[in-house]
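**Student:** Here is what each chain is made of, one letter per residue.
2 protein chains.
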Amino acid sequence: MDRRAEFKRWKAQCLSKADFSRKGCVDEDVVEIVQLLNGREQFFTTSSCAGRIILLEQGMDSLEVQKQNCCWLLVSHKPCVKDDVIVALKKANGDAILKFEPLVLHVQCRQLQDAQILHSVAIDSGFRNSGITVGKRGKTMLAVRSTHGLEVPLSHKGKLMVTEEYIDFLLKIANHKMEENKKRIERFYNCLQLALEKETTTTNSHPKEKIKEKNNSYKKKSNPGKAHDKCVTEENDKVLENDDDDDPGISVTIFPEDY
Amino acid sequence: MDRRAEFKRWKAQCLSKADFSRKGCVDEDVVEIVQLLNGREQFFTTSSCAGRIILLEQGMDSLEVQKQNCCWLLVSHKPCVKDDVIVALKKANGDAILKFEPLVLHVQCRQLQDAQILHSVAIDSGFRNSGITVGKRGKTMLAVRSTHGLEVPLSHKGKLMVTEEYIDFLLKIANHKMEENKKRIERFYNCLQLALEKETTTTNSHPKEKIKEKNNSYKKKSNPGKAHDKCVTEENDKVLENDDDDDPGISVTIFPEDY
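Sequence order for the protein chains is F and W. Sequential numbering from 1 applies to the first sequence in full-length UniProt numbering. Sequential numbering from 1 applies to the second sequence in full-length UniProt numbering.
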């Protein structure tokens with residue numbers, strides 16, 4: 001079977017299976033992206049989480065980081081208030097940790113070129129920790145990830161280590177990150193639509209035109225005069241995150257010019 | 001110029017340049033890995049940070065997440081004690097955030113196959129957020145990243161929001177994560193050595209042998225009888241992290257068999 005047919009078969013097989021997540025369905029905020037991707041023959045999504053605030057409990061001691069002993073006290077895909085956390089914390093007698101986790105999306109791609117397009121969209125939308133995985137036999141996946149998290153230990157052996165005022169302050173930050181994450185998801189959707197439209201146009205155009213067109217797309221510095229580049233906003237650069245390459249604290253040698 | 005010669009030229013150019021990081025040199029814990037990679041013709045490192053505890057100050061309000069207003073109050077590549085943070089916090093009149101950031105390493109690779117080998121080594125060593133980037137003209141980079149972070153807001157508009165006891169508790173966790181990160185770096189170095197040795201052996205062996213050998217390497221489930229697979233320890237799986245695919249909270253459809 002050729003690669004194209006093989007991918008098609010896998011996709012059909014994957015999408016016909018039940019959703020094995022605890023929730024059992026795709027998160028509301030990411031449904032449009034999942035549908036857009038699964039509607040294209042070169043992609044299918046294998047896992048997704050739109051972003052969430054979670055309160056985890058780890059065994060009896062967070063210094064013994066055993067995954068087996070971890071349970072969830074609270075999971076919310078919507079903004080939370082202090083009382084949600086206070087109530088959930090009552091169930092904890094180990095070490096409770098509050099986390100904000102941004103969008104995570106895994107997409108299987110027919111070929112490397114498809115993953116590259118999706119990767120550009122992800123980076124341009126602010127998901128800077130995204131990356132491609134290529135398996136030994138060529139299975140190509142894109143993981144969409146952000147650096148925009150939060151991970152705060154709250155209690156130790158059942159004892160609350162912070163004040164209620166602090167939890168309130170923390171949730172304001174977590175909710176704000178959730179909003180920012182939502183904006184990025186919207187940006188991702190818009191960028192993706194443009195990229196896929198462009199892809200369709202170039203696929204149908206003359207081969208020479210196609211090459212020319214390809215070389216012009218996904219410029220890091222967008223030309224404000226070009227409507228199709230508008231998804232690359234400067235907003236991305238204003239948000240504080242672990243932007244590794246810009247970070248003066250990381251040992252850096254000059255990159256050769258982009259090729 | 002062919003790709004091989006082009007890569008060689010870029011590498012020479014990159015490694016001859018000064019280190020533009022604030023520190024001006026490669027972190028001690030990652031020197032061996034950097035040297036091992038740069039000693040191979042198919043790789044060169046472009047940035048690295050072994051892992052660190054940092055105290056950042058963000059403008060006057062962490063809800064206005066402007067990167068421009070961010071400054072560093074403390075950076076440590078070694079374990080910290082409470083007083084280090086207390087002293088540094090005295091300089092803050094905005095919003096201070098304590099972070100633990102694990103190893104970050106960017107490696108430019110001659111071809112995709114080289115990045116795949118390095119990616120396997122990274123994943124097997126516990127750096128699960130690692131990923132490949134392929135530029136429009138084929139520039140291939142591997143980013144080594146872990147999920148093993150910590151990000152805790154400590155003060156708001158200059159006011160400390162937590163107790164000293166909490167800071168002490170937090171640093172125990174951060175220091176523990178630093179230790180775990182160090183173990184993973186060692187694991188990465190050992191795995192990398194084995195992978196590169198194997199690569200050399202297979203490159204020099206008969207082509208048919210080479211293919212056979214390649215298909216046997218980097219098994220997820222290692223065969224305990226085989227010495228060359230010993231770098232894949234079960235330890236990795238015990239550590240609590242955002243292991244996206246295992247997470248029952250993430251909408252998941254069945255992966256087609258690895259190919």
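Derived from the structure by calculation, the hints contain no laboratory data. Please read all numbers here as calculations on a predicted model, not as lab measurements. Incorrect hints may have been included.
Stated by the list, open to error - Just the calculated beta-carbon pair ranges, DEER-fashion: (1) F:Asp83 to W:Asn93: 29 to 39 Å; (2) W:Glu28 to F:Ser16: 27 to 37 Å; (3) F:Ile86 to W:Asn93: 44 to 54 Å; (4) W:Lys159 to F:Gly39: 33 to 43 Å; (5) W:Cys71 to F:Gly24: 43 to 53 Å; (6) W:Lys82 to F:Ile86: 38 to 48 Å; (7) W:Thr201 to F:Asp168: 58 to 68 Å; (8) W:Lys82 to F:Asp83: 23 to 33 Å; (9) W:Lys157 to F:Gly158: 27 to 37 Å; (10) F:Leu36 to W:Arg4: 58 to 68 Å; (11) F:Arg4 to W:Arg4: 26 to 36 Å; (12) F:Arg4 to W:Gln111: 57 to 67 Å; (13) W:Lys17 to F:Lys17: 44 to 54 Å; (14) F:Gly24 to W:Asp2: 24 to 34 Å.
Glycine is no exception: its CB is placed at the ideal position from the N, C-alpha and C atoms.
**Student:** The structure should be examined with respect to each hint, and the outcome stated for every one.
**Tutor:** We went through each hint and held it up to the structure:
1. At roughly 31 Å, the beta carbons of F:Asp83 and W:Asn93 sit within the given window of 29 to 39 Å.
2. Between W:Glu28 and F:Ser16 the Cβ separation comes to about 52 Å, which falls outside the hinted range of 27 to 37 Å.
3. Take F:Ile86 and W:Asn93: their Cβ atoms lie about 30 Å apart, and the range 44 to 54 Å is violated.
4. Separated by about 50 Å at the C-beta atoms, W:Lys159 and F:Gly39 break the suggested range of 33 to 43 Å.
5. At roughly 45 Å, the beta-carbon separation of W:Cys71 and F:Gly24 lies within the given 43 to 53 Å, and the hint holds.
6. The supplied range of 38 to 48 Å is broken by W:Lys82 and F:Ile86, whose beta-carbon atoms lie about 27 Å from each other.
7. For W:Thr201 and F:Asp168, the hinted distance range of 58 to 68 Å is satisfied, since their beta carbons lie about 60 Å from each other.
8. The hint said 23 to 33 Å for the Cβ distance between W:Lys82 and F:Asp83, and at roughly 31 Å that hint holds.
9. Checked against the hint of 27 to 37 Å, the C-beta distance between W:Lys157 and F:Gly158 comes to roughly 31 Å, which is consistent with it.
10. Look at F:Leu36 against W:Arg4: about 39 Å separates their beta carbons, and that is not inside 58 to 68 Å.
11. The hinted range of 26 to 36 Å is satisfied by F:Arg4 and W:Arg4, whose Cβ atoms lie roughly 31 Å apart.
12. For F:Arg4 and W:Gln111, the hinted distance range of 57 to 67 Å is not satisfied, since their beta carbons lie about 24 Å from each other.
13. Roughly 50 Å separates the CB atoms of W:Lys17 and F:Lys17, a value that falls within the hinted 44 to 54 Å.
14. For F:Gly24 and W:Asp2, the Cβ-Cβ distance of about 53 Å falls outside the hinted range of 24 to 34 Å, so the restraint is violated.
The earlier numbered hints that this structure contradicts are 2, 3, 4, 6, 10, 12 and 14.
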